[in-house]
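Colleague: Okay, here's what each chain looks like letter by letter:
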Amino acid sequence: MSAVAAEVPIARRRGGGVGAVYKVEIAKIVSQWLPRVAVVACLVGPFAFAIFINTQTSVPADSLFGRWVHDSGFSIPLVVLGFAGIAGFPLLASVVAGDIFASEDRQSTWKTVLTRSCSRGDLFWGKTLAAATYSTVIVALLAITSTIAGIVVVGTDPLVGLSGTLLGSGRALGVVAASFGIALIPTLAFTCLGILFSVTTRNSMAGVLGPPVVGLLMVVLSLLGSGVVVRSMLLTTSFEAWHGLLVDPTRLAPLGVGVVVCLATSVLCLDAARRSFRRRDFAGDTRNPFTWSRLARGTLVGVGITALLVVGVALDRTWITSERVEGSVSSNFANLAVVQQGLTGQTVDASSFKVFPFCKRESVIAGPSTGAGDDWSCQIFVTGPKIGRIQVDYSVTIRPNGCYTAEGQPALIGPLHLRTADGGTVLNPLYAFDGCMIAP
Amino acid sequence: MSDADAAVEVRGLVKTFGDVTALDAFDMRIRAGEVHGLVGPNGAGKTTLLRMLFGLAAPDAGTITLRGREWRPDDETTPPGVSGFVEDPRFYPYLSARRNLELLAELDGVDPVRIEEALELVRLTDRADRKVGGFSSGMRQRLGLAASILRAPRLLLLDEPTVGLDPTGLREVQSLLTGLAADGVTVLISSHNMPELDGVCDSVTVMKDGGSVWEGSMDRLRSESPAPAHRLFTSDDDRAVEIARAESRVTVVADPDGGLTVHADRDILDGYVLVLGRSGVAVRRLELRMTALESMYFALTGAESDRTATDARPDEIGATT
Chain A
203 MSAVAAEVPI ARRRGGGVGA VYKVEIAKIV SQWLPRVAVV ACLVGPFAFA
253 IFINTQTSVP ADSLFGRWVH DSGFSIPLVV LGFAGIAGFP LLASVVAGDI
303 FASEDRQSTW KTVLTRSCSR GDLFWGKTLA AATYSTVIVA LLAITSTIAG
353 IVVVGTDPLV GLSGTLLGSG RALGVVAASF GIALIPTLAF TCLGILFSVT
403 TRNSMAGVLG PPVVGLLMVV LSLLGSGVVV RSMLLTTSFE AWHGLLVDPT
453 RLAPLGVGVV VCLATSVLCL DAARRSFRRR DFAGDTRNPF TWSRLARGTL
503 VGVGITALLV VGVALDRTWI TSERVEGSVS SNFANLAVVQ QGLTGQTVDA
553 SSFKVFPFCK RESVIAGPST GAGDDWSCQI FVTGPKIGRI QVDYSVTIRP
603 NGCYTAEGQP ALIGPLHLRT ADGGTVLNPL YAFDGCMIAP
Chain B
112 MSDADAAVEV RGLVKTFGDV TALDAFDMRI RAGEVHGLVG PNGAGKTTLL
162 RMLFGLAAPD AGTITLRGRE WRPDDETTPP GVSGFVEDPR FYPYLSARRN
212 LELLAELDGV DPVRIEEALE LVRLTDRADR KVGGFSSGMR QRLGLAASIL
262 RAPRLLLLDE PTVGLDPTGL REVQSLLTGL AADGVTVLIS SHNMPELDGV
312 CDSVTVMKDG GSVWEGSMDR LRSESPAPAH RLFTSDDDRA VEIARAESRV
362 TVVADPDGGL TVHADRDILD GYVLVLGRSG VAVRRLELRM TALESMYFAL
412 TGAESDRTAT DARPDEIGAT T
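Top line first, the protein sequences correspond to chains A and B. Just so we're aligned, residue 203 is where the first sequence starts under our numbering, counting upward by one. Just so we're aligned, residue 112 is where the second sequence starts under our numbering, counting upward by one.
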């Protein structure tokens, strides 16, 4: 070690800055096993799911588009999207976001990076951008692989939308892409939440598990009531905004509300995280932020917010009324009747069907029927060509988000499977169908 | 010395953590181009001071001027030309040494061509592709030095840079630092081991309880240091003490761990040992207990010497029996 470094003229490039931090963080993410595992899961998972589902005789009918997984490949990415929106995207996003700051504490490397040519601001924004990039890549990967898996394993048959209309392959593909694009917005908001957890707790476990736990808590909260106000404020509701693309006519209002909620959450989380990071004293590695008093304060705040939201959900008036249910079920039925006739080789016009629905909750003896529940029933009086006048009864289960499943009587609407004009077998769209009412 | 000559100037620095005062109106000045030692017992405030020099922690009061630029609380970046490490250097364990340096070079905007040179300087070239997670403490110290050199420092701040190094590594690091200083790089080395700084540092600051208790050149420290301490085992300790009373330049006291502690300069000690022999007192063992600098260090800091028999170095003075 006798040579002297300073003898050599230093070749310098433009140093530091957000760009340099971003490049370094991406290089680190690529080198770590957990982000790699998550990427592999996104690459392999959808294919495994599609292949497994295709070998089963039953279908995951309790999820939106689940009953179509044997008939249209475009239903596979939408089922995956439905599952991922519950806790998958928050967890996948926080794999990097929840660890990206806390890992520097775990490895005691803050003093290494903070003594280079980059400011705390550079480090904060570089790391944030890297975490957001990873989240975007994860959502994009899942969109691409699940779509390819659906097309390869199941096929490109048209998809039945949430209002009973048939979506051709091209439009279905576009809707799938747009739906994942919409899911990216709350995923990025959960990324910002993960960064907040990572900065403030300085603990990777809390950073990675915090956002999905918050997400699950929001899902549970959203099941407690079917009001609009509190539900709209929950990040997880934004994961359902893509439903608006699959109804006829398209409804983008939930997307607009979701964008505002996600943007506000992201700004608040990043601002709090940035302030905490900037004023932090890196005075020693023994100063553990996880003191019992802080933990107790954090728990109290969390319980307080949850209690407020629970009360809010309970007091929030439901928007699910018998009129809205009748409107959605009747149009859905009429559109599906056209699809059903088309499958059997007959061409009819939806306007040639006259549908008169009457929907109510069985548990309501007097007064208007409102709210989510599995005790809805709809009597649908139909008049139309070749069928004359019939009455079809459906048992309807309505979930708090406005999506529902209607199950009818085989005697009147045909068996589960229909024989098509060319001799094949398809699912009878009227046997049981899903739909969504979009909140005002 | 004018302010312009100072590479580091610290005035009235205060830092408290709750009830604990880590730095208490601390002052220090380091001239450009010299190697300065910062010594003190554990808890004296050395690492806290280095953290504040790097901007990792904000002072409660006082001023810090590095290479003529005063540090302000809103400064977010380590000043250009300032490099080093605090406590043991840490890197990403899942990356190789070379990859770690590549990433740090990216953060600094340094041309990656410097990496090989830095690795060669710290003798890590042959292990550069191993993951840092498997590195020993000494290898991490070497990598820490490489990372510091990568920034082409004009002011190098090093916290205990020789911890974990074997004797060869220690000499190599000392040689590297003196080489850098010869090229005008100012070096600040924090240590709690005074002998390690001897022969490397031009000047030294001794810290105790968050304050500076002595600051000046190594030459002055040596000249002001008390005589080194030796431990002496004889056939007749009482007679040895009695003989020492006749020689004012020798202080002999009974050592609580057995034997005697003798404070005397080397030539005086030689004479005392000869007198003991002539007086019929056999010298069974004589070992260096504390160098002059260590004696000064313990006198200044009030720290107790915890040197044990196994730490003693009889070979340095030629023990006799």
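Hints were generated in silico from the structure; no laboratory data involved. Just so you know, not all the hints are guaranteed correct.
[As the list claims (entries may be wrong)] Simulated pairs of lysine to aspartate or glutamate, DMTMM-like, Cα-Cα distance not exceeding 25 Å: (1) Lys230/A x Asp313/B; (2) Lys319/B x Asp483/A; (3) Lys230/A x Asp368/B; (4) Lys225/A x Glu283/B; (5) Lys225/A x Glu213/B.
Colleague: Now tell me, hint by hint, if it's right for this structure.
Modeller: Hints and how they fare:
no., hint, in the structure
1, Lys230/A x Asp313/B, "41 Å, violated"
2, Lys319/B x Asp483/A, "23 Å, holds"
3, Lys230/A x Asp368/B, "55 Å, violated"
4, Lys225/A x Glu283/B, "34 Å, violated"
5, Lys225/A x Glu213/B, "11 Å, holds"
Violation of the numbered hints given earlier is confined to hints 1, 3, 4; the remaining hints are satisfied by the structure.
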